[in-house]
Amino acid sequence: MLSARQENTLRVVYTGEPLPADRESLFTLSIAAIPSGKPEANRVQMAFRSALKLLYRPDGLAGEPQQAYRHLVWNLTPDGATVRNPTPYYVTLFLLRANGRAPE
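In the UniProt record's numbering, the protein residues as written are 1 to 104.
Note that these hints are calculated values from the structure, not bench results.
The structure displayed is predicted, hence computed values, not measured ones.
A few of these clues could be false.
[Stated by the list, open to error] Each pair of labels, with its calculated beta carbon distance range:
#1 T28 with Q66: 43 to 53 Å
#2 G63 with P39: 45 to 55 Å
#3 T15 with L52: 14 to 24 Å
#4 L19 with V44: 36 to 46 Å
#5 N8 with G60: 28 to 38 Å
Just so it is clear, CB atoms sit at the ideal spot from N, CA and C, and this is done for glycine as well.
Please construct the entire structure, taking both the sequences and the accompanying hints into account.
Put into structure tokens, the structure is as follows:
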């Protein structure tokens, strides 16, 4: 528990099996910030929940992570599209357009 205006440091340590050396490994860190105590009259209290991606990137991976999206292999079908990522890097797509339009 943190008091008002207090800070703390979070240290993340992996203690499981050895991770793959030929590709990135993805983990999710879930954090919740919940007000403590009883709410006072005429006050708004908010709780926040965040999920952060944690990537472990081993040394010596081929290619550049910033260019991994360029190597995605797309297959268009009547039902939509599939994508295959042949790189050792995770790729997050935040904007996708087909023929200049965003999918519905």
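Find the hints from earlier in the document that the structure breaks and name them by number, from lowest to highest.
Hint 1 alone not satisfied by this model.
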